[in-house]
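Engineer: These are the residues of each chain, in order.
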Amino acid sequence: MQAQEIVAYQKDMEWEEYLVPRSLDEALEMLERYRGAARVIAGGTDIVPATRKGGTGIKALVDITRIPGLNMIRLDGETVKIGSLVTHTEVALSGLIRKRGMALAEGASRLGSPQIRNIATVAGNILNAQPGADTLIPLLALDGSVTIRGRQGERSIPLAELFTGVGRTTIDSTKEIVTEISFPGLGKGEASAAMRLAKRKTLVLPILTVAVVIGVDPGAKTFAKARIAVGPVATTPFRCKAAEEILVGSPVGEEVIRKAAADAAKAANPRTSLIRGTSEYRKAMVAVLVERGIATALKRLEESNG
Amino acid sequence: MADQGKETARNDKEFAVVGKSRPRLDAKDKVTGALKYIADMECREALHGKVLRSPYPHALIKKIDTSKAEALPGVAAVVTAKDIPGRNGWGAIIPDQPVVCGDKVRFVGDAVALVAAVDEKTAIKALGLIKVDYEQLPAVFSPVDALKSDAPRIHESGNLITTSRVEKGDTEQGFRDADVVLERTFVVPFLEHAYLEPDVALAIPGSDGTMTVMAPMQAPFTTRRNVAPVLGLPINRVRCVVTPVGGGFGGKEDSPIDTCVRAAVLAWKTGKPVRIEYTREEIMLSTCKRHPMIIRCKFGAKKDGTFTAMEGTIYNEQGAYASLGPVLPPAGGVHAHAVVMLAGPYEIPNVKVEGYLVYTNHPYGGAMRGFGAPQSNFAHESLVDELADLLKMDPYELRLKNAFKLGSKTATGQVIDQSIGLRETIEETKRLFDWAGKRKPTPDPTQAQSADKRTGYGMAVGWYRTSIGASGDGCGVNLHLLEDGSVIIYQGCVEMGQGMHTGIAQIAAEALGTALEDVRVLAPDTDSAPESGPTVGSRSLTLMGNAILLAVQPIKESLMLSASELLDTSVERLVARERFIFDPDNPGDRLALKEAARRCMVMGRRMIGQGWYTPPKATLDPKTGQGNPYFVYTYATQMAEVEVDMRTGEVTMNRIAAAFDIGKAINPMLLEGQIDGGIGMGLGYALLEKVILDQGVIQNLDFKDYLIPTSMDVPKIDAKLLEMHNIHGPYGAKGIGEMPNIPTPAAVNNAIANAIGARLYELPIDSESVWRAIQGLARK
Amino acid sequence: MAKKSVTFKVNGKEVSVDVAPGEMLVDVLREKLGLTGTKVGCREGECGVCSIILNGKLIASCLVPVMKADHSTILTIEGLEQNGEMHLIQKKFIEDGAIQCGFCTPAMVLAGKALLDENPHPTREEIQLAISGILCRCTGYQKIIKAIDSASQAGEMR
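Protein chains in written order, with the working numbering: chain V, 1 to 306; chain S, 307 to 1086; chain F, 1087 to 1244.
Here chain V stands alone, though its shape is the one from the complex (with noise of 0.2 Å):
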C-alpha cells in the first residue's frame, strides 16, 4: 500500500546490467540473452521514474543512444521519417516537421519541460503508450506508423493498431526496438493542429490532448480529409472516426465544424479522475479542443495559401 510502498523507493536502481551496444543486431541479441529481464533505454525519462518505483523486474538496460543512423529526420518520397532516437526538442524545432506535420512539432512541445524534452525521444512516448500522450495524438492523427526490428526482421505497425490498453502495446519491448517513426508528410492544401488542456502551463499530464489534421479541396471548398485524435478519453488514443466522416465531403463551416466537434465529445469516454476532473467537464472540453484544433488548421492552411 501507498505509504509502505513510498518508503521503499531507493536511490540505487536494482539494474545488474548496463550495456551499450554499438548496432540493432548487438541490442537485439543483448535483448534476447536476459530472456525478458532487459529493457532498452534511450532517453530514459520513463524507465527510471517507473523503476525507482519498484518492481518492474528490470536487470539489464540496453541503452541504443550510442546506435548510428537513428537520429535522423528525413523526408523520403512523400513520408518524413523520423528516428527512434530524435528527441522531443529536435522534433519541435525540425522546419521538416513543422511544414509537413505542424500537430506533431506542437505536441513535441509541450511535453514535460525543457531539460525532458532534450532528452527523451518521440519513439519513447510511444512506447509508454499513454492515451493521451504528446506525440502520440499527433501521430495517430497524421496516420503515423512505427517500424520494428526484432530477431526476425522488420516490420512496420501503423499506430492506428499500435495500442491495446494503458501502457500497452502489439510491440514486445524485451525482443524488439523502435527503429523508426514515420508519417505521409501533409501536402498542398492540407494542414494539422495540436491542442492541449492541463492545469498549469507547462510541467504537466495534459487534461486533454486533441490533433487534428484536415485537408480542403481547393475548389470545392469541402473537406477532403479529416483526422481528429483525442486522449485520454479511453484506454488508448482514440481516433473520432464518425466526427471524421461528418466533416469529410461537407463544405468547411462553422455549423459542420461544431456538428463534428460534438459528435467527438459525444464518442469520447474519459472517466471521472480526482486528478485531472469528471467526466462531464472533461467531455464537454472535447468539443472545444476539436472546434478549435479544426480552426486552427483551417487559418493555417489561409496563411500558406494566401
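Any given hint could turn out to be false.
[What the hints assert, rightly or not] Distance ranges between label pairs, derived from CB positions: (1) S/D833 - F/K1095: 42 to 52 Å; (2) V/G36 - S/S463: 51 to 61 Å; (3) F/K1143 - V/D143: 47 to 57 Å; (4) S/K454 - V/Q2: 21 to 31 Å; (5) S/P751 - V/G36: 15 to 25 Å; (6) F/R1210 - S/T930: 48 to 58 Å; (7) V/K266 - F/K1095: 56 to 66 Å; (8) F/K1143 - V/Q4: 29 to 39 Å; (9) F/R1210 - S/G392: 55 to 65 Å; (10) F/K1118 - V/R271: 41 to 51 Å; (11) F/K1118 - S/D409: 36 to 46 Å.
By construction, these hints were calculated from the structure, which means they are not laboratory data.
Yeah, the Cβ is synthetic: ideal placement off N, Cα and C, and Gly gets one too.
Fit chains S and F to the given chain V structure using the hints.
Structural biologist: Chains S and F in isolation, oriented as in the chain V frame:
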C-alpha cells in the same frame, strides 16, 4: 529603546546601510554552489534511518513483530514504542504526536517503527521484515463529521481541540441595522509547503551524554525542547544546529522536530550518528500542511457601504495531530489567528466569530505562510467583493469606506494607534494598476458567455501581524565587537532565503557605524545562540533587529568613549558611520572605527552586548476574544488582471499590482523578493494547489500531480513599498514574510468574477470550476 | 554487482569513476566527485534542481543512469567560475536579488547559461520558457528572469 527612537527619526538619506538594496550576504556561496546544505554534508559513519508507516488512516496496533528485522545483518537498531527512553510524544504546542505509535495510528503515514542500518538498502529491507497486525477502526475525514457525537474518537481528549471566539457588540442588532446582508460559505483545502530542499536530519550522540541534531529548521529552540524530553535529557544536553535552509514557509517549523526526534532516538539507541532523509513523497505524505477550513462568513452593510455587523463560523480541520493549530495563550496558534483575522482590516462595530479546531484522520495542519490568515482573507475579501456587487458599489470604494485608519478599533477592540497605511496602499495600488481606467463593471453572466475570452479585474486587501501573539515571545542576541572592528552576532533566527541575516546585519552595521561586510551573523546553534524564539510569524527582522539595537548600546558607549579620547572631542559631538567615527562639524578629522575598537580592548572596556527584546504584551480574553493580540500589523492591497478562456475555464494571469505598508524597508531589494515569491505562492493557492485526499489517502504525492506555479504561470508584478513607521520596530520596520501571499487568492477570485459574472467559493480555482460557474452548473 | 568504470569530462577535467549500473548521475556527481552544487529535490525529473548541462543540453541529472553519461561532457555549477572570476550570469543573480534560499539557484544559472549560449538576446517569454522546468518556491521567478535578462543585455557571453 532610546537609541532606536533617535535613529528612526532620521531621514532616509542619512542612513548608510539601512534602507539600501545591498546584495544578500550569502549570495556568492549560493550562486557558486559552494554552500553545503545538510544533504551535501558528508558523515561517513552515519547509519541510515528509516520510518515504517501506517497504511491505514485509523487503526489499532495489535502486535508488532520486529524479530526478523532485528536479525537482518547490517541492521543496528529497530525501535518501537517500548524503546523510547523518555516521552513518546512531540509537538510544537501539544506533544500529542508519538515518536512511534504504540497503541494506534491516526493517519496514513503515521510512524509505527524506526530502523537504523548500515545503508539505505538494508534499512528498506528491514522495514519490509517488520510485521504489524492492525485492526482498522472507523475513520473520520471532515471536521463537521468529527464533531458529531457518534464520531470515532481520534485522541482520548476528544475530537474538538478548542473553540475560539471574537465577540463584540450586538450582531443581531447590527444585521437589523443593515440594508444588505450577505452570507457565504468558503472551502479551502490542505496545501503542501513544497520547499525544494527535502527534510533531512543528522543526529550525533556525544560521548558526554549529549545529543546533537543537525537539520534545516525554523525553530531550533522548539526542536530542542522536544528532543530533550523524548530522550529523557535535560534541555541543556541537547544541541540543535541549524543547517542552511532551502525553503521553509512554516513547514520547517514542524517537520524538523519529526526528523530530529526520530534520528535522535535511533542515535541514542545505537550510539552512532544516524541520518534520516525523507523522499519527496514521504514529505508530502507525512509532514504538516496548511489547515483546510470551511468558513461561513456573513457581512451586513448600509446602503452607503458602511459595515454594520459581521459574523463567521470556522471549521478548522487540524488533522491527526495538534502541531501549530491550538491556542498558545493568549493569541498564538493558527486557530486563534484565523478567528481574529476573519473580520478583516475593517471598522465593524458588531462582530461574532466562532471557530472550532477539530482532529480528523488526515495529515495534519501546521504553520504555513500566513498561519490562518490566508484562509480567513479568502473568505472575507471574496465576500466583501460580492457585497460590493450587491450594493452596486465599486469594490475599491467599499474597501476604502471601511478600511482601518488611525484610531480605528479592530474586531478584538484593539485601537490601531500607529503604523497604519492600509488606505494608502489601497490608493497607491489603484494608481499603479490604473483601476479606474481599466476595470469594467461585472457583466451579466449570459452576456459574458458570448465571448471567447474575457478580461477581469479584481482586488483584495489584507493585514497581517508581526510576531506570534503568545506570552513567551522574547528574542535574544549576543553581539560582540572584536578588536579589529569586525562583529559577530550569536543569534537564533534562521536564514531560509528571506534575507533575514542580511537585514539584521544591516541593522547592526548601521547602529554601530561599521560596514555591512564587517558583520558576521552566525546560523543558529543552540549551544551558543540565546533563546530567540522561532523564525515564524514575520517576527524575526523586527524582534531580532530590536534585540540587536539593545545589544549595541553598551558597545557603542565604549566605542564612543574610546573615540572621544583619541579624537579629543566630547562624546556628544561624535557619530559613527561606515567604519569611521567623526564630528560632523569637522569630518576631515576622523578616526577609523577599528582604532576605537582596539582602544576599547586595551582599556578593558566592554565590547560585548546582549539584547533581550519582548514586544508589547499580547492580550486576548479567551471567552470574548477582546484584547490586543498582536502589537503591530502590516497592510497590503493587491489588484489582479486575469484573462478567462470562457470555453475551457482556463485562467491566465496577466498582471498584478500591489502596495505594502511595511513600516520601513531595511533592504528594498530583498523585500521585493518576498513580495514576488509570496504573490507566486498566493497564485498557487488561488489556481493550482490542493492535497487531494480520498478515504484518507493522498492522491497526489509528488510534484507530478501536486502543482505549484512554474515560471510560465506568473505574470508581471508591479509593487510599491510604503513606509508607515512602526514605533516598535528597528528603524520603523515591521514584518513582510507572510503578507504578500495573503490577499492574492481573493484578488484573483474577484478578478475572475469580474470577467465571468459568476462567483466561486472554493480553492483552488481550476479550469473546471470556472467552467462550471460559467455554465451555471452545480459543483461536482 | 560488478563495478564498471565510466569516464567523462566534468567542468573541463577528465574524470574516471567506478560505478554500479544502478547508480544515477546526480548521485555520482554529488557523492563520488564532491560536486554538491547539483541538488536533489524529487528524483522524478519534476522539479529541475538537479539540472546540469550534458553535451551542451540542459537535462535533469536525477533521470540519467551514470553509465549513460559515459564519454560525455558535463558542466555543473562549479564549472562556471573561471580563475576565481564568476560568470556574468552569476554576478547578475547576485546584483539583481535573484537568490533566496538558493536551492534552485545552480539549476537556474545553468538554464540561463544554456539559453544564452544558444540565444544571446532572448525575449522575456524565451527566458520564462528556458527556466520553465525548474521549480522555485521562493522568488516567484521575477528576479531570476530579470537577472538572466540583465546578463543578456550586458554583453559578451563566454
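Engineer: With reference to the structure, classify each hint as holding or not holding.
Structural biologist: Verification of the hints:
no., hint, result
1, S/D833 - F/K1095: 42 to 52 Å, "holds, 44 Å"
2, V/G36 - S/S463: 51 to 61 Å, "holds, 56 Å"
3, F/K1143 - V/D143: 47 to 57 Å, "violated, 31 Å"
4, S/K454 - V/Q2: 21 to 31 Å, "holds, 28 Å"
5, S/P751 - V/G36: 15 to 25 Å, "violated, 59 Å"
6, F/R1210 - S/T930: 48 to 58 Å, "holds, 53 Å"
7, V/K266 - F/K1095: 56 to 66 Å, "holds, 57 Å"
8, F/K1143 - V/Q4: 29 to 39 Å, "holds, 37 Å"
9, F/R1210 - S/G392: 55 to 65 Å, "holds, 56 Å"
10, F/K1118 - V/R271: 41 to 51 Å, "holds, 46 Å"
11, F/K1118 - S/D409: 36 to 46 Å, "holds, 45 Å"
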